[in-house]
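Protein sequence lines correspond, in order, to chains A and B. Each residue of the first sequence is one higher than the one before, starting from 618 at the first, in my numbering. Each residue of the second sequence is one higher than the one before, starting from 618 at the first, in my numbering.
Note that these hints are calculated values from the structure, not bench results. Just so you know, these numbers come straight off a predicted model, no measurement behind them. Treat the hints loosely; a few may be bogus.
Facing chain B, a subset of chain A residues (Cβ under 8 Å, in silico) [claimed, not checked]:
1. Gly1142
2. Asp1167
3. Gln1266
4. Lys1332
Built from N, CA and C at the ideal position, the CB exists for glycine as well.
There are 2 protein chains.
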Amino acid sequence: MGNIKIQAFIPLFYLVWSDDLLSKKELATLQDFINAHDWLSSEEKQWLLSKTAISNPPARHEITDWKNKIEATIQENTAIKSIFEISLALSGNDTVIRDLEISFVKLENDLGILGEEAINNFKTKTNPQTATHQTDDNFDVQKLTALLDGEQAPIIKKVKSVISRPEFKLENITDVNAYREKVFEWCKILADENLGNMAYPKEYGGGANMADYFAIMETLSYHDLSLVIKFGVQFGLWGMSVQSLGTEKHYTKYLKDIGTLKIPGCFAMTETHHGSNVKGLETTATYNHQSQTFIIHTPHEKAQKEYIGNAALHGQMATVFAKLIIDGHDYGVNAFIVPLRSEDGVVLEGVTIGDCGHKMGLNGVDNGTIRFNNVSIPKENMLDRFASVNDNGEFESPIPSDNRRFFTMLGTLVGGRIGIPRSALAAAKTGLTIAIRYGDQRRQFGPEGDSEVPILNYRMHQRRLLIPLAKTYAVHFALQHLTQRFLNRTEIEMQEIEALAAGLKSYSTWSTTAILQECREACGGKGYLSENRIDALKNDTEIYTTFEGDNTVLMQLVAKSRLSEFRKSFGEMGSLGIINYVYENAKSVISEKNPITIRNTDEAHLLDGDFHLQAFQHREKTILASAAKRIKKLVDNGMDPYDAFNVVQHQMIDVASAYLDRVVLEQFQLALSTVEDESCKAILNQLCQLYALSQIEKNKAWYLEDNYMEAVKTKAIRKMVNQLCWDIRPDAVALVTAFEIPDSCLGALV
Amino acid sequence: MGNIKIQAFIPLFYLVWSDDLLSKKELATLQDFINAHDWLSSEEKQWLLSKTAISNPPARHEITDWKNKIEATIQENTAIKSIFEISLALSGNDTVIRDLEISFVKLENDLGILGEEAINNFKTKTNPQTATHQTDDNFDVQKLTALLDGEQAPIIKKVKSVISRPEFKLENITDVNAYREKVFEWCKILADENLGNMAYPKEYGGGANMADYFAIMETLSYHDLSLVIKFGVQFGLWGMSVQSLGTEKHYTKYLKDIGTLKIPGCFAMTETHHGSNVKGLETTATYNHQSQTFIIHTPHEKAQKEYIGNAALHGQMATVFAKLIIDGHDYGVNAFIVPLRSEDGVVLEGVTIGDCGHKMGLNGVDNGTIRFNNVSIPKENMLDRFASVNDNGEFESPIPSDNRRFFTMLGTLVGGRIGIPRSALAAAKTGLTIAIRYGDQRRQFGPEGDSEVPILNYRMHQRRLLIPLAKTYAVHFALQHLTQRFLNRTEIEMQEIEALAAGLKSYSTWSTTAILQECREACGGKGYLSENRIDALKNDTEIYTTFEGDNTVLMQLVAKSRLSEFRKSFGEMGSLGIINYVYENAKSVISEKNPITIRNTDEAHLLDGDFHLQAFQHREKTILASAAKRIKKLVDNGMDPYDAFNVVQHQMIDVASAYLDRVVLEQFQLALSTVEDESCKAILNQLCQLYALSQIEKNKAWYLEDNYMEAVKTKAIRKMVNQLCWDIRPDAVALVTAFEIPDSCLGALV
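Chain A extracted, bound-state conformation (with noise of 0.2 Å):
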């Protein structure tokens, strides 16, 4: 066909027939179009027609051809700003098709064409800014990884050292029993290491280092879980409890046996019946002043010990929690050293031990249940530190209440609840180290014609992985903090930092089931491979957010403590009182609710450090005014006080994290104020910004409903979390690498 006129026709052609959409109705407008066109000679018209067959597509290299003359009229005419534009230059300009615009415009609307974009599509491209960002070198790595690890740094080499050796590769056992004495094995080696006895005193053999103990746990926790959990059972919680329960003949007998593992033991409190409300145990020690001894007994099954690690195999020894019973007075939970097992390993007379089987994880650790038929233990045995039997037969202790000498037994155990959450702060670092590095090299997608592109490129991607890595850092820093206000306690400050422990326990390890959950799906298909490590990381840690305390009830605790902080402050007041301090608090914000400030979009306001902590702070202080109103309003109108409490659960967990993240915040940009480094810190307080403006997102119905900020400002806030987590990008795989988490323990993928 001769005509230059038709030519017209190409971009409608090629945009018709190269659209996946393509659907008969389209090619019949296109057909009633050419039909209305009397200027066109019948015979042109069947050329046209023909190329609007659906019987008759046209063959592949015509629409190739097709495209090459598009992209070159394009190329000639920069102007070009239009399908329209298009046709007329193809035409050459032609007067009768330049009259034609309005009907070549509604065609191409008919056809649901877009040409703006279209048009895009025709020109070559720029690169895309989303294909071309990459990883980059922006700091110091090995500075970060010293600042991260501090004066843990020599342990923290040895412990990766060891567990990169040859006989700690790990593997997938799948055989529960193979698996279990596997674990066992490398705890003997850690001892021999002399790295489980590191908390113990000097006399006992031990390295009197409880700094150390914390950092090993962690460390540790890059590599198998159940080696951690284990270690932690025999060192930590078998060994502390008799340190932080028992007395110098106790130390004596056992501490330098358990800290070698000669003797492997359990820390035997939860039972079937109560596991959240140990208060509530059920097995008995019943002492007898003639015999000079205890009997220990298990009333009932549902009253038997559950899920005691160590004990289905290999404890020869627990501290059992029991109610000690003398004369018939119950004096409440106290603790027993209860032999198990002989040295060779049988199950000694009125003990039953099962098995509580396969687990969702930790199967190298073998937890069991123990029933107790009227054991009996000689006095001795008694864990007297805090309470005692007298030469009378007398029970004595130096503190009056049985909840309150519970309550403190439980306080000298609060390290679990450190080592616990940086266990799982490490396992979130593994899972990101892996998804980060595999986000960073796997490609999927990518601009028309190009080359795809690496899925971290991607701003969901980012959304999933780096808000998570920031939040990591963020909580490091917290457990830091958390580990040194612990190892500095005075007695006066138990309370805080028990509480403190309590809801970083739920913080830390609530995140973590969070973080692997993304970075599984973040790995796709890989994710669920189990060489690939995400699998036993995630089902491992799954048991963290329950044992140790379970997160729902920790947070109500958290709560409650905050709420108790408040009355000392506050119990002068009486309800009148609390109101005025509502109001006043209310009064105090005013500055902050100034009309400009809620509106405030200017991004040096959003990063500003400042600002993050002022909206954290008045989130803690708002919320738990709030509650502690609700609750005695309630109570004020008649409802038993357990009710309001229990009405309020769900503000309570809010009155908790409102706290957490207040703490986690303070830490991190604290901890940022004292970094020198400046290529460090530049990246450190980019993480601490994002960490901030994430959780102000999560939070910001709150901040809307306070009318602490606008729309306005918390759609601002999205935008700049968008932004952080695409300028931290380049920086992702290097923060990830400064967690230098040994190779060995990062799976096959990466």
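Keeping the supplied structure of chain A fixed, place chain B upon it in accordance with the hints.
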């Protein structure tokens, strides 16, 4: 001490010594108080001070004695409202004491005693409602089951009966080989029961009943999920790829033997380097006209087929997706039947099989990798419904665009995106049945001195399980709707149905992942034991969010499809038109946004289904228009469209979510409107309200940002969600009983 006045100190002594948090400072405060009162004789002072000595705490019987006196006083004087009034009464209304009110009250405050709460604790309790709330019988469970099962009730019953047989007893098989064989055996039994070929045409031995096939997949999912996936791979993916992509000659040759499991087969699409972006598959099928064959070849290691179910052990053939090459021209991805193993299981020449090894879950499925080294297959093995090579060796297809042809082929396989979310739904139902029954039985904590309370009575526990329960019912009806639309589909609806299936696949599988997480935590340690099933449910469904299309990628597709619907409606408008539309749309909701509505917290309004649906619809259309506007703005400002779509990825997820939320609510309400039994209707209505309001609560930040609701309303909604949970709780057990899941599938816990 005979002086009755000093009895006034009893309440203080009791409260101080019974306080778990008693501190030395408090005792000192009390001592100062005693010393300051000159009306006391030195003897009296000495006696009183002896009751404040930490070295000599009061005996337990003395504390009990104090408590009894206080309680007796309160019972005799019901008007007592403060601690001081107790003191006064105990002192025999002594005038000296009466005059000391201010100083006593100050002391109370100094000691941190909260009078009202303390008084409440002394009063004989009316049973707190938290303790008395319990399972009740408010509706006809069997009628609800009938309503859920609908017309598929007979086949559902049959499947339940099959999986309840002794040979289907669930075991936790950790040995992968044994597990795979067990699952294969189970599949054979199901095939013998004519369950596998249910959807195939009758002439090939099938049941010609796709609706029943979906019900089979869902019901089997109460049992082992490896079985479901193995079953789905064989009869769904493998069999239906032949049925959907092949023609008569293939049906005759293969369908019957596939249906009887005589030919185990695979669906070989995914490659190591191409999972989500299947358009980029690299396996080739090169046509050789002379020999009338295709040569199937894997060009490099990363182009191997990966994660292929049935490949590692049992598959004899596979539907292989490969780029068709004729005379050096690439005709896009097409499907071919390629033999893998001989009938006796020997891998054929040119085929290399790898084993994906141990996975996080689904270890009863033999996933493997497949590589082809120039494997020759006859020409007739091309599945040629949508494309073929003609007798001249030329490519032929009724669908001109390679892309469109490929997506049409994928479209015929959309059934998988219905089977998977329905399987996920069943897993959520199982998890909820276990966790809710456990929550009803498990007791922990309780009012002081009273028996412990079922944990399902705690508000947080209700939120954790009952909001998911409502969502599960909602998803049930949405998936019924999707299934019906698919079964009654017309060509013109296919794109919409595909988008709906992709969306609901994401919606249901993400929901299940989240729900099973809550179920695990809600069952505590018990949830961690494999015998209680949550382990397997959680780990097996973990990959559901990835396979049959990665959820995040699918959600982007759903959003794009919504945008193109939007374009279809508003394509003619151009950019100004879209902005006008947004404006008009904004105007149209002005009535909903009037100052009264946005603050309306009337119970009747909050529970009104019309309000819910309008809120969902408003969110859906506003988010869609806003995303369209934003993309347009970015592109107009010169951003590459590929980048623009990346920038809005996060918003795109919201677009898809809002659309799916609306569909799910709409279908729940529609289903509800057809229920005749009043008792069922009432409880379903509450579930529907809970679903709607909990979703609004989840998205309340958006509603606040949009000013569709004010804070007073979102706060009222939160309370209403809690109230609905409380109200539904007595029916919770019956609501899971209505799923009628065989006991043998519910594990050891319940």
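Tested hints:
Checking glycine 1142 of chain A against chain B by beta carbon gives a least distance of about 5 Å; that is within 8 Å, so the hint holds. At a threshold of 8 Å, the smallest CB-CB gap from aspartate 1167 of chain A to chain B is about 6 Å, leaving the interface hint in force. Evaluation of the glutamine 1266 of chain A hint against chain B yields a held restraint, the C-beta minimum of about 4 Å falling below 8 Å. With a least beta-carbon distance of about 6 Å to chain B, the hint placing lysine 1332 of chain A at the interface is held under the 8 Å criterion.
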